[in-house]
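2 protein chains.
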Amino acid sequence: MENISFKNVKFNEGFWLNRYNLNKYSSIQSVYKRFEETGRIDTLRFNYTEGKIKPGVAQDSDVAKWAEGVSYLITSDPECCKDEVAIIEELIDSMEAHQMEDGYLNPYFMQLFPDAIFCRRPAHELYSAGHLIESAIAYHKATGKDKFLKVMMRYVDCIEKAFITEKTAKFQTPGHEEIELALIKLYDHTGNKKYLDMALHFINLRGNTDEPSIDENVVTKKYDQNDTPVRELTDAEGHAVRATYLYIAMSEAAQRTGDAELQAACDRIFDNISKKRMYITGGIGSSGMGEAFTVTYDLPNLKAYTESCAAIAFLLFALSLSNNRLDPAYGAVIERIMYNNLLSSTSADGKAFFYENPLEIHLHSLEKETCMAPHKRSKLPIRTRKEIFETSCCPPNINRIFARLGDVFFSEFDGTLVVNQYAALGLNNDSISLSMDTSYPLNGKINVKANACKYKNVYFRIPEWCDDFDISASLSYKKENGYIVFENVGDTFEIAIDFKMMPYFVESHPNVRANAGRAALCYGPVVYCMERCFNNYELNAITVDSSAKIDVVSTGIDTLPELHLNGALSCEFDGLYRKKSNDKKSVPLVFKPYYTFANNGECDMIVWVNCI
Amino acid sequence: MENISFKNVKFNEGFWLNRYNLNKYSSIQSVYKRFEETGRIDTLRFNYTEGKIKPGVAQDSDVAKWAEGVSYLITSDPECCKDEVAIIEELIDSMEAHQMEDGYLNPYFMQLFPDAIFCRRPAHELYSAGHLIESAIAYHKATGKDKFLKVMMRYVDCIEKAFITEKTAKFQTPGHEEIELALIKLYDHTGNKKYLDMALHFINLRGNTDEPSIDENVVTKKYDQNDTPVRELTDAEGHAVRATYLYIAMSEAAQRTGDAELQAACDRIFDNISKKRMYITGGIGSSGMGEAFTVTYDLPNLKAYTESCAAIAFLLFALSLSNNRLDPAYGAVIERIMYNNLLSSTSADGKAFFYENPLEIHLHSLEKETCMAPHKRSKLPIRTRKEIFETSCCPPNINRIFARLGDVFFSEFDGTLVVNQYAALGLNNDSISLSMDTSYPLNGKINVKANACKYKNVYFRIPEWCDDFDISASLSYKKENGYIVFENVGDTFEIAIDFKMMPYFVESHPNVRANAGRAALCYGPVVYCMERCFNNYELNAITVDSSAKIDVVSTGIDTLPELHLNGALSCEFDGLYRKKSNDKKSVPLVFKPYYTFANNGECDMIVWVNCI
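Chains A and B, in that order, are what the protein sequence lines are. Take 4 as the starting number for the first sequence in the working numbering and just add one per residue. Take 4 as the starting number for the second sequence in the working numbering and just add one per residue.
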């Protein structure tokens with residue numbers, strides 16, 4: 004099985020083209036501006052002098068991810084992003100000019116700590132190298148220019164020497180995974196098996212060294228996935244982004260080596276996350292303490308950490324696994340992330356981003372530590388998107404994922420085309436010329452027309468939320484394992500499916516303490532929320548009836564509807580406690596898509612509403 | 004108005020006599036043993052030498068509170084506690100022998116830091132002095148022996164010099180309040196107005212100095228109530244025990260000086276706590292961060308701090324205020340604390356104690372910080388009572404409050420007797436010989452017989468939970484402002500009241516986020532809970548119907564009934580989310596009094612249950 008590349012997919016008018024263009028014409032520029040202002044671009048200009056902003060750890064990786072995003076954009080549209088490409092060219096020249104004789108290339112260590120090269124396990128050196136490798140591959144594929152790629156291949160040789168051949172490095176495994184998956188991409192791109200072997204070297208070492216955790220004073224070896232050999236893993240543990248980058252590499256490695264044990268570990272982990280550790284928004288990593296996975300069913304809403312990078316990594320892990328086995332669970336997770344945690348990551352104007360993506364905001368509680376010295380107070384949950392962070396990994400990760408989002412829609416195996424996601428788009432490759440006409444996710448009506456089709460069969464993933472659909476096609480179909488299957492479709496075909504989309508309430512597994520007695524209102528793949536700016540009540544004092552009549556109120560041709568219903572607001576009374584009453588009043592409620600929250604100033608927000 | 008002293012009140016057989024005796028025959032001995040083992044008793048023997056356990060800050064105050072408890076016990080029963088009295092006598096001799104020439108008497112500073120006397124505001128010096136003063140007064144009243152009292156009066160002279168006359172002390176107000184209320188007790192006991200003036204000096208200084216907080220690196224001046232002059236206070240703020248000890252002193256001072264402004268501040272604070280910051284158990288101080296009050300309606304259950312000392316202080320604050328004005332709110336708060344937070348403070352065998360009194364236990368969540376280094380993990384909520392703590396202020400505070408609990412039952416004003424609480428007891432003073440026959444709180448039937456009554460009127464407080472009562476008496480009565488009022492009762496009377504006691508569900512003010520959609524089951528003044536050892540389900544997955552039939556199941560002649568009802572348990576399913584179902588099964592539930600929880604091993608517990 005193989006995913007069909009975004010190169011072959013082009014969004015047409017509508018929801019996803021708008022979203023794609025928001026990244027292309029706003030986010031990419033906003034991230035660049037802030038990166039220039041904060042010295043991140045300068046980092047790769049190697050122009051640090053006393054008095055300037057000091058290069059920060061791994062800031063080159065931020066720029067690399069941004070450049071990777073630009074590369075995907077110019078792959079699809081070679082005429083776009085001229086200014087950004089000029090910057091990338093400048094930085095490539097700079098990297099080539101400053102690369103050390105032995106191939107080493109990390110601007111933080113070279114400019115600030117040249118004596119500490121490959122000495123500090125926590126310092127993200129190989130993480131940065133990984134992102135630069137991914138970026139170089141993307142740029143080479145986009146432009147055919149190989150200078151960046153060659154620079155990185157020289158760096159990889161240097162890494163091989165230090166960590167494998169000569170073992171001069173002072174640590175064995177990277178404190179933050181990323182290079183493993185990048186090396187496998189480099190193997191795919193060059194065909195040179197040494198890169199795959201290097202990736203396997205790093206993957207197999209994890210949990211098999213006596214290296215301490217990246218900071219024994221703060222975290223255990225679980226934090227950086229160095230407590231258990233990878234083939235023995237059962238649960239997702241530790242720093243969510245580090246962990247999931249490793250899981251992606253494990254999955255990619257298992258598919259290339261046929262390592263059934265490694266594949267089984269990946270399958271266990273995917274099950275563990277998607278069935279026990281994932282927010283309804285697709286977010287993962289519930290705790291800010293260590294930005295980490297915690298225990299099963301621990302999914303607090305107010306303190307949900309759910310880093311944007313972690314959701315992106317989980318999407319990529321699901322995408323990788325979807326190449327191993329036909330299973331609608333992967334597409335379901337990807338759809339959940341796409342329409343919720345991923346969309347929420349960015350402001351309506353495209354310029355600002357969430358690092359955390361909380362599932363509840365309750366402003367009154369935020370200042371509860373009234374008598375603690377300001378620096379002793381607990382870190383407050385985020386409540387507004389920001390254009391830049393001190394650790395600004397998320398914004399460029401958001402850049403690059405939207406620029407390649409076409410990757411998630413189709414896959415193919417043995418003469419079969421699989422439609423995994425739905426959007427108004429065209430697919431054109433050697434095997435088909437297909438157009439999908441739809442307003443999805445505004446409604447579930449899909450019209451697919453195909454010409455020059457060499458595929459024998461076409462599978463459509465039935466969305467996880469969909470209980471009922473209509474099909475209009477001259478072809479017959481069957482429902483099989485979560486897919487609608489059309490066989491022998493012929494050279495030309497036309498299929499219309501209506502995945503019946505209606506608002507519905509979702510409940511959590513009863514072990515999720517945070518959501519006890521509560522439900523989330525959804526419409527298609529989109530989770531909805533209430534914001535206090537549109538519902539001026541104490542949001543936790545509202546109870547909805549899951550059988551209430553819900554009006555789907557259109558808000559425009561390319562934007563999702565609002566959901567209107569009446570709820571019961573508990574009435575205030577003097578004092579704190581009284582015998583339970585039914586003293587509630589009916590109030591009109593406006594739910595909007597979760598991902599749109601926090602675009603109207605700071606205010607309370609809730610996803611999981613009290614529900615009977 | 005004046006409370007009638009516990010000296011005149013004697014519990015008869017039943018619930019409260021058992022509880023009183025548990026303190027007298029088990030807790031007092033348990034606390035003494037642990038204090039002896041941990042060097043706390045030695046602290047006042049002034050026998051520290053290299054290699055022994057070092058005296059700790061304020062450990063003398065722990066011993067003082069324990070001795071105060073013993074003093075109350077021997078007040079009521081001069082034949083009891085012979086061993087404990089011998090220890091107290093030994094320690095009094097030791098204190099007299101070691102008291103410094105200028106009267107100073109703090110074993111921690113004298114034995115470890117003699118050069119730092121009255122230099123360290125955070126070090127609880129005056130707090131300890133206050134507890135020793137209270138203890139000395141109690142011992143003098145109990146025994147007529149004045150050695151301890153004289154020692155403390157000499158110490159107070161020394162304090163007066165250092166803080167008021169000569170101002171040699173390096174700070175102005177105590178970092179932990181307590182001496183203020185002790186000085187007013189000393190004024191009451193001796194009639195010497197200088198002690199009242201000293202108390203007023205310390206009270207009036209608060210919020211009027213430029214002293215920093217006790218630790219500017221950790222807390223603000225709000226923490227130790229030094230940010231606002233006392234007459235301007237509106238809300239309860241900062242460390243809950245420090246704050247409430249101050250509020251008690253303010254109330255006592257206002258009553259003795261007629262200071263209306265100070266009284267108004269007390270009234271505002273009592274309203275603020277009881278209407279916005281108090282757990283249903285009467286616990287206060289919701290946050291472990293600073294052991295402090297936070298913001299209004301912030302009453303988390305899992306992380307409820309609700310220190311036993313804070314509940315005791317709040318009871319004493321309400322008791323003090325009840326001498327200012329006839330208002331059933333004070334008795335209601337006292338009853339709430341008595342039957343819930345105060346009773347929960349002690350194990351069934353009387354030997355172990357809660358410092359915090361959580362309103363929920365969820366063991367699975369406790370180890371959620373899986374990848375943090377052990378010392379970096381959040382402090383876990385308490386889940387078992389302990390015989391001793393590093394800071395062991397609560398156990399002896401529990402000793403002394405139970406030993407004087409007779410204080411809360413009656414008060415008198417202008418020829419009127421007020422019955423504030425109900426128990427099987429006798430009241431004998433110059434004005435009445437009264438016996439109350441009742442099984443309260445097992446049921447609400449009260450039979451009062453009185454002889455030799457010189458009171459003109461008798462008021463019975465209608466319990467806050469009581470909607471309906473029957474009265475059988477030859478006297479007529481009226482219902483007035485929360486009381487049942489009998490006028491012109493005569494020399495002898497007999498009154499039977501049946502406060503109709505039935506199980507009922509309580510709801511919180513809708514702004515209490517933690518209790519949204521939930522209710523607590525109560526019976527009379529007693530809050531009930533479910534423990535997993537008696538209800539082996541995920542407790543948050545249970546929903547009760549507030550109209551369900553509840554069986555009141557007797558458990559014995561002197562113990563509270565269990566409440567049995569059926570609830571709906573949400574069924575487990577594969578995965579995390581699904582469309583809201585009504586897939587629940589009916590399960591039998593056993594609720595027991597909250598205060599009995601954690602007597603059967605560590606297990607989950609819940610007070611606020613999902614409720615429709």
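One should not assume that every hint holds.
Which copy is meant is left open, because identical chains are indistinguishable; a pair holds if it fits in one copy or across any two.
What the hints assert, rightly or not - Computed cross-link-like contacts, DSS-like style, restricted to lysine-lysine with a CA-CA straight-line distance of at most 30 angstroms:
#, residue 1, residue 2
1, Lys588, Lys57
2, Lys196, Lys306
3, Lys36, Lys55
4, Lys587, Lys196
5, Lys13, Lys587
6, Lys148, Lys389
7, Lys36, Lys448
8, Lys148, Lys197
9, Lys503, Lys582
10, Lys448, Lys582
11, Lys459, Lys150
12, Lys482, Lys196
13, Lys279, Lys587
14, Lys85, Lys382
15, Lys150, Lys457
16, Lys148, Lys55
17, Lys552, Lys583
18, Lys144, Lys173
19, Lys552, Lys452
20, Lys55, Lys13
21, Lys278, Lys382
22, Lys382, Lys197
23, Lys57, Lys457
24, Lys188, Lys306
25, Lys278, Lys144
26, Lys588, Lys452
Just so you know, these hints were derived from the structure itself, not from any lab. Just so we're clear, the structure is a prediction, and the values are computed from it rather than from any experiment.
- Broken hints, by number: Of the numbered hints, 1, 2, 4, 5, 6, 7, 11, 12, 14, 15, 16, 18, 19, 20, 22, 23, 24, 25, 26 do not hold.
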